[in-house]
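One line per chain: the protein sequences are U and S, in this order. In this text, residue positions in the first sequence follow the working numbering: the first is 1, and each later residue adds one. In this text, residue positions in the second sequence follow the working numbering: the first is 1, and each later residue adds one.
Just so you know, the hints here were simulated from the structure itself, not pulled from any lab data. Please note that the accuracy of each hint is not assured.
[Stated by the list, open to error] Restraint-style ranges between C-beta atoms, simulated for each label pair: (1) Lys244(S) to Ser2(U): 55 to 65 Å; (2) Gly129(U) to Ala108(S): 50 to 60 Å; (3) Glu115(S) to Ser267(U): 38 to 48 Å; (4) Thr31(S) to Met1(U): 49 to 59 Å; (5) Glu138(U) to Lys244(S): 45 to 55 Å; (6) Gly241(S) to Glu138(U): 45 to 55 Å; (7) Met153(U) to Glu115(S): 36 to 46 Å.
[Claimed, not checked] No farther apart than 25 Å at their CA atoms in a straight line, the calculated lysine-lysine pairs in the DSS-like style are these: (8) Lys202(S) to Lys293(U); (9) Lys69(S) to Lys215(S); (10) Lys111(S) to Lys293(U); (11) Lys13(S) to Lys136(S); (12) Lys8(U) to Lys136(S); (13) Lys13(S) to Lys215(S); (14) Lys235(S) to Lys166(U).
[Claimed, not checked] To list a few chain U residues with every Cβ distance to chain S over 10 Å, as calculated: (15) Met1; (16) Phe18; (17) Arg31; (18) Lys36; (19) Ala39; (20) Arg66; (21) Pro183; (22) Thr298; (23) Asp370.
The beta-carbon is built from N, C-alpha and C at its ideal position, and this holds for glycine as well.
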Amino acid sequence: MSYNINNKGYYGEFGGAFIPEMLYPNVEELRQNYLKVMAEPEFQKEFDKLLKDYVGRPSPLYFAKRLSAKYNTKIYLKREDLNHTGAHKINNTIGQILMAKRLGKQRIIAETGAGQHGVATATVCALMGLECIVYMGEIDIARQAPNVARMKMLGATVIPAVSGSKTLKDATNEAIRDWINNPVDTHYIIGSVVGPHPYPDMVARFQAVVSKEIQWQLKEQEGKTKPDYVIACVGGGSNAAGAYYHFLEDTNVKLIAAEAAGKGIQSGESAATSVLGNEGIIHGSKSLLMQTKDGQITEPYSISAGLDYPGIGPMHAHLYKTGRAEFISITDDEAMKAGLELCKLEGIIPAIESSHALAIFEQKTFKPNDVVVLSLSGRGDKDLETYINYFNL
Amino acid sequence: MNRINQKLQEDKKLLSIYFTAGYPELDNTVTIIQNLEKSGVDMIEIGLPFSDPLADGPTIQASSTQALKNGMTTDVLFKQLKDIRKSVNIPLIIMGYFNPILQYGVEAFSKKCAEIGIDGLIIPDLPIEVYNEAYKTVFEKYKLLNIFLITPQTSGERIRFIDSVSNGFIYMVSSASVTGNSSGFGEEQTQYFKRIANMKLKNPQIVGFGISDNKTFLQATQDAKGAIIGSAFIKHLSKFGTNKIPEYIKQITKL
Ligand SMILES: Cc1ncc(COP(=O)(O)O)c(C=O)c1O
């Protein structure tokens, strides 16, 4: 059994490119070129150099001593929160902006929910001097004002998505429609391991730098390249894909995915796709998604905007279906508590998305000698208002 | 012979109308279909509304959202259409995104369509490769023609491939655009229409997207066999409900 993508663009039964014919030339151009371009030494050199000098990689693999003591196991935090712009999202946008340039594109579009991917896209567009248009749900624009301001400062145009439920899934629809309307000069930088093939694979490969670093960093600190567990939160699943990537085929490394249960699985306000979803097509990919029995995509809920997506990427659908990864649902309350705990124990304020991963330690017991690597996907600056309101700070 | 194939043999330019089922009111479906036939429309595309219509512009999006709010579902639509063949003879096509069909079950959906007397399907996000591999036999079993799209960006080679798989007509998207863009046709479109006409495809072409009035209808059908109006008709429905459909159609065809 393979857990990686096959030559038809599927992870097991999930993936593919379920796109209208209008998108075929764009997606096909990317499909035919992405591996070739990524394999060019010049491309790799430029990618690595930007990750080092601009993003600040490698991100530290930090042994969290007090957290480890509390849970009686060995916990390492992969510090994606220390990247430029504050999350793992920039690994992907750096890769894709270089790809867009190789393909001769002059105009960049992106979708964003909380604004993290929008900011990361606006950042690389500023860096490369390319036009940047970010679609964002009207409701998200209202609740994520600081990130909207950041994107504007970076020179991006933020266009409100006013269709459907006016959140991330609709922003994604709008970005796709823009691409249909601008098939020649535009590249669409998708923000997670979702969308039609080759996006899930391309984004996973750009994020794979995370697990590549974990291997040698762990070797330095633990004398071995493999952890016993890798834990990550899954919205679409890009930070998880990056943290899992080089361990996918090695079943000695156990993979754990934290999903957002929102106010509880049965509350009607949740984003726990593996539990509440079933197979279908979302944004051009066959995967698991939350939908009505008639196949209408439903609106998820999570306190964390980055996990507030009604699907998961096809890689994760496959990891779930095969049992390769264990999926655990974390409620808003459990995540918030775990986030605050990290502040007090380690002096790190995490993004609420990452706090969902941290909450796993209350759900699952590890052995004292287990080496557990956790993807700390982002920092909490963007979430301060949510933390303030939640804890009455 | 399938009603679509029969219709395509008629010696005239065809007008096909798209509307979203369940809009403006849940129970308008049959009334709209009957009125369209009476008005001289040649073919009808019944839109099965979807929450996330990727290829559609604001007009069809809004009508879909409203239709779903009104309570439209696949089952409701099939119930509404149960006796449609008692009163309507022109070809009927269901246009819908793939996910609702997948949830219904592709075979069950096809069977239901055949029982009702649906002649074809347009599923914009079901790629031709997947169709060939997984669903062609099912559709053929129930005598449903699957209609594929081409766009100005579709390569000649791919157009030939689509033509070889198609059996009915080719849905020719007028420009690089989602539905509902009605800025008229310029030099670029005219050349594209000519280029496709010169390919002498096996299947006739019907142009859709951006046709909104008599002028664009005539431009589109100069070379092609027919044209499809969607968003502009939905706008008419928004204003007048199911009234004045014959008047609306008359000012398109001017017949
Ligand atoms: C810090 C952080 N972590 C995680 C996510 C979720 O995305 P993914 O599942 O693609 O890693 C986001 C999305 O905005 C994010 O900002």
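Here's how the hints hold up against the structure:
Between Lys244(S) and Ser2(U) the C-beta distance comes to about 60 Å, which sits within the given range of 55 to 65 Å. For Gly129(U) and Ala108(S), the hinted distance range of 50 to 60 Å is satisfied, since their beta carbons lie about 53 Å from each other. For Glu115(S) and Ser267(U), the hinted distance range of 38 to 48 Å is satisfied, since their beta carbons lie about 40 Å from each other. Distance hint check: the CB atoms of Thr31(S) and Met1(U) are about 54 Å apart, consistent with the given range 49 to 59 Å.
Taken as a hint, the range 45 to 55 Å is violated for the pair Glu138(U) and Lys244(S), whose Cβ atoms sit roughly 34 Å apart. Taken as a hint, the range 45 to 55 Å is violated for the pair Gly241(S) and Glu138(U), whose Cβ atoms sit roughly 29 Å apart. A C-beta distance of roughly 59 Å is found between Met153(U) and Glu115(S), which places it outside the suggested range of 36 to 46 Å. Among the hinted pairs, Lys202(S) with Lys293(U) is inconsistent with the structure: their alpha-carbon atoms are about 39 Å apart, more than 25 Å.
For the proposed pair Lys69(S) and Lys215(S), the alpha carbon gap of about 35 Å is over 25 Å, so the pair is violated. Straight-line distance between C-alpha atoms of Lys111(S) and Lys293(U) comes to about 19 Å, which keeps the hinted pair within the 25 Å bound. Taken as a hint, the Lys13(S) and Lys136(S) pair is broken in the structure, with Cα atoms around 29 Å apart against an allowance of 25 Å. About 19 Å separates the Cα atoms of Lys8(U) and Lys136(S), which keeps this hinted pair within 25 Å; it holds.
Proximity of Lys13(S) to Lys215(S) is assessed by CA-CA distance (about 14 Å); at most 25 Å being required, the pair is judged to hold. Distance restraint check for Lys235(S) and Lys166(U): the Cα-Cα separation of roughly 22 Å lies within the 25 Å cut-off, and the hinted pair is therefore satisfied. With a closest Cβ-Cβ approach of about 22 Å to chain S, Met1(U) is found to remain outside the 10 Å limit, as its non-interface label requires. A cut-off of 10 Å between C-beta atoms contradicts the statement that Phe18(U) is not in contact with chain S; the least separation is 5 Å.
No Cβ of chain S approaches the Cβ of Arg31(U) within 10 Å, the least distance being about 12 Å, so the stated non-interface status holds. Consistency note on Lys36(U): stated as away from chain S, and its beta-carbon is indeed over 10 Å from all of that chain's, at 19 Å minimum. For Ala39(U), the requirement that its beta carbon stay farther than 10 Å from each beta carbon of chain S is met, with the minimum near 25 Å. No Cβ of chain S approaches the Cβ of Arg66(U) within 10 Å, the least distance being about 45 Å, so the stated non-interface status holds.
Residue-level check failed: Pro183(U) sits 5 Å from the nearest beta carbon of chain S, not beyond 10 Å. Distance check for Thr298(U) against chain S: the nearest CB is about 8 Å away, which does not clear 10 Å, and the non-interface claim fails. Residue placement check: Asp370(U) keeps its beta carbon more than 10 Å from all beta carbons of chain S (closest about 40 Å).
When each numbered hint is compared with the structure, violations occur for hints 5, 6, 7, 8, 9, 11, 16, 21, 22.
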